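> Use the sequences and the hints to build the structure in full.
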Amino acid sequence: MPQLNTDSIKERTFDAIVIGSGISGGWSAKELTEQGIKTLLLERGRDVKHIKDYPTTNKLPYEFEHRGEVPLEIREKAPIVSRCYAFREDTMHFFLKDKEHEYIQEKPFDWIRGYQVGGKSLIWARQTQRWSDLDFEGPKRDGFVVDWPIRYADIAPWYSHVEKFAGICGNKDGLKELPDGEFLPSYPLNAVEDHFRQQVSKKYKGRYVIRARAAHISKPEPIHLEQGRGQCQNRTLCQRGCPFGGYFSSNASTIPWAMKTGNLTLRPFSVVHSIIYDEQKGRATGVRVIDTNTKEEIEYFAKVIFVNASAINTNLILLNSTSRRFPNGLGNDCSLLGKYVAFHHYGGRVSAKYEGELDKFRTDGRNPAGCYIPRFRNVYKQETNFLRGYAAGFSASRGFYSDTAPIGEQLKENLINRKLSGWNIGSHMMGETIPKKSNYVKLDPDKKDEWGVPLLRVNVDFDDNDEKMLQDYFDQFSEMYAEAGFTDIKTSRTNNPPGLDIHEMGGVRMGHDPKTSLLNKWNQLHACKNVFVTDGACMTSTSTQNPSLTYMAFSARSANYAIDQMKKGNL
Amino acid sequence: MQRRTVIKNIVIMAGGIALLPSCSGDRKKASILLKNLNTSAEQEALLAEIAETILPETGGSPGAKSMNLHLFTMKMVDDCHTAEEQKLFTKGLNKIDQIAEDKYGVSFAKCTPEQRKELLVQVAEDKSAPKEAATFLKITKQRVIQGFTNSKYVMTDLKQYEMVPGRYNGYFPVEKN
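Here the protein sequences line up with chains A and C, keeping their order.
Using this note's numbering, you'd call the opening residue of the first sequence number 1 and step up by one each time.
Using this note's numbering, you'd call the opening residue of the second sequence number 1 and step up by one each time.
Calculated directly from the structure, the hints in this document are not laboratory data.
Be a bit skeptical, because a hint or two may be false.
No farther apart than 20 angstroms at their CA atoms in a straight line, the calculated lysine to aspartate or glutamate pairs in the EDC-like style are these [claimed, not checked]: (1) LYS141(C) to GLU57(C); (2) LYS35(C) to GLU65(A); (3) LYS138(C) to GLU409(A); (4) LYS117(C) to GLU132(C); (5) LYS448(A) to GLU102(A); (6) LYS35(C) to GLU102(A); (7) LYS152(C) to GLU413(A); (8) LYS138(C) to GLU69(A); (9) LYS159(C) to ASP364(A).
Please read these numbers as outputs of a predicted model, since none were measured by experiment.
Written out as structure tokens, the structure is:
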């Protein structure tokens, strides 16, 4: 190999390497570079520059060849990603097509991926809620998995840190189960959502319908303007990439910020094959990268390595990082690497209609956030026949419709003079699933992808607890809807496999004890302290909150800890 | 002049070689490039008349034909429908002409606007209408409506779509008619 040249090694040596440029990797890179740490940010996909590389962002619906529909040929070749709600003609260039990185489904699992600079931060749903101690203490109280090695007080300042920079809208609701954050103004509930809020708070103790907390700049602060970002313009075309930088993405925020420091080297087209472990030094010394254009293998070196490859790919990289010291994957002394993978249960929806005096209102403009109902089951003590509970997204909306039965002039007349529809109510559950040893990812012993990395085998499924929880969600929401005077209440199962929630978590869980967990309270591998995992892979349990904000906070917290340890000469 | 003739001949020859096995003589092709459908210029013209019957030009507002919604329909059927639906679409399109011949003794294009409308209403509503014709009409109507409501005319000129609202009001009073 032509890598013996010392100048070449010097050029390939950094203070830190961050694997993955999505929502967590962007944060790791920002924190490290801001404090003078020379950082290499690796991304397996292509580069996507803010605004410049959002090819569809300003297109009108009629400027799309298929008016937003994904052609059948693409859907048939990529059935997994085609099931994702956000995969449309205007956004499909930001989603990985199935064949571009295959995996083996021992059980159905829809793995949704965004292989580009910015990762899935370009296409996420932007909902951001904090965890509370009621979540962190869950496993210990209810006797599943292992105790989280941190509590809310450990992460609260880091939630504040990332919220201020990212720009999170929300209302200070004063709920113990959903701590308030550093909020920009929230988007108001509409007439019927507000009606539901009042009815629920009147009739149910401990249940709240609140304004969503979301990564939208409802009113920019100087820190957002400094990033070159402006106010959200309520387009709700977010997954195309926002020309205003109105929602948070690595592309609009953390990566350009890190770039400005002069300390960031961004390398797209770089699949990380494995992390290099030096037996003599007893630490990781770098990473092996496959250049996806040339297929050349290149090694990069650094004092610390942040693995932010997205939950499942982080598992894959660690499992593939074998050495004499770690024959079963880096840091895998407990043999639990890849196990206890969990997700969020999006298995049910409840819809309804509203008719009544609020029909005198409609909405004008668009709400990019929506509303949210925090978990109200088993919050303070066990009270149902299932463990934990679910949060829910909720919305009431009114659109326009036309009677399309006629043919000819009458049809045209109906299409031009649309009628205002009644109020439609919808909600979807987001349930906590209990991580289990039998829900795992592992490497296939034989099959490899085009970069020489073993294919992943995924075996993740629902269980009886999930089924009971789904039934309870149906029952409770049907009842709450009826209490609020809604009619035509309908429950529906989504019947989606795990993965389509795009909240896959775990496999490299945090814990106190190296015998039962992979990461310590600083997200360091217990057995290889200069490797940090701060994406979804680190999650010991899932709770019900949309997880990205917590990954951002973990990344910022761990990066600052790593800097501190480097300064002290410990890393 | 001579040079141009030579070039023309070469093109015809090259085209002839490439297309001979699948092309039936002098059948003129559709005006847009299609991957799956084998639609002729004649079928395209028929589809345009059908689309125009579904959404006709009326005082001051354009109809399906001038908005090229028949071409949009062909494009969507070509790219977004299954092979089975594409087959039914083409068969059903031809069937419409046949129904016109049987019913009125002339092709669809030669029917009066009233006859055309009557024919399509019958295909849409009569349960005994041939399956391919009913499927064809269902697809075509759906795509013509989609093309119309997603057109520049409706979205921008008639202001049914606002790309950058920059506002949200959840208690907006409904206008009294």
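> Decide, hint by hint, whether the structure agrees.
Evaluated hints:
1. A hinted pair counts as satisfied when its Cα atoms are at most 20 angstroms apart, and LYS141(C) with GLU57(C) qualifies at roughly 16 angstroms.
2. Straight-line distance between C-alpha atoms of LYS35(C) and GLU65(A) comes to about 15 angstroms, which keeps the hinted pair within the 20 angstroms bound.
3. Among the hinted pairs, LYS138(C) with GLU409(A) is consistent with the structure: their alpha-carbon atoms are about 18 angstroms apart, no more than 20 angstroms.
4. Taking the CA atoms of LYS117(C) and GLU132(C), the gap is near 18 angstroms; set against the 20 angstroms cutoff, the hint holds.
5. Simply put, LYS448(A) and GLU102(A) have alpha-carbon atoms about 9 angstroms apart, close enough for the 20 angstroms limit, and the pair holds.
6. Annotation: proposed proximity of LYS35(C) to GLU102(A) is violated, straight-line Cα distance about 28 angstroms (limit 20 angstroms).
7. With a C-alpha separation of about 17 angstroms, the suggested pair LYS152(C) and GLU413(A) falls inside the 20 angstroms cut-off, and the hint holds.
8. For a cut-off of 20 angstroms, the pair hint linking LYS138(C) to GLU69(A) stands: about 18 angstroms separates their Cα positions.
9. Distance check on the hinted pair: LYS159(C) and ASP364(A) sit about 14 angstroms apart at the alpha-carbon level, within 20 angstroms; holds.
Comparing the model with each earlier hint shows a violation of hint 6 alone; every other hint is respected.
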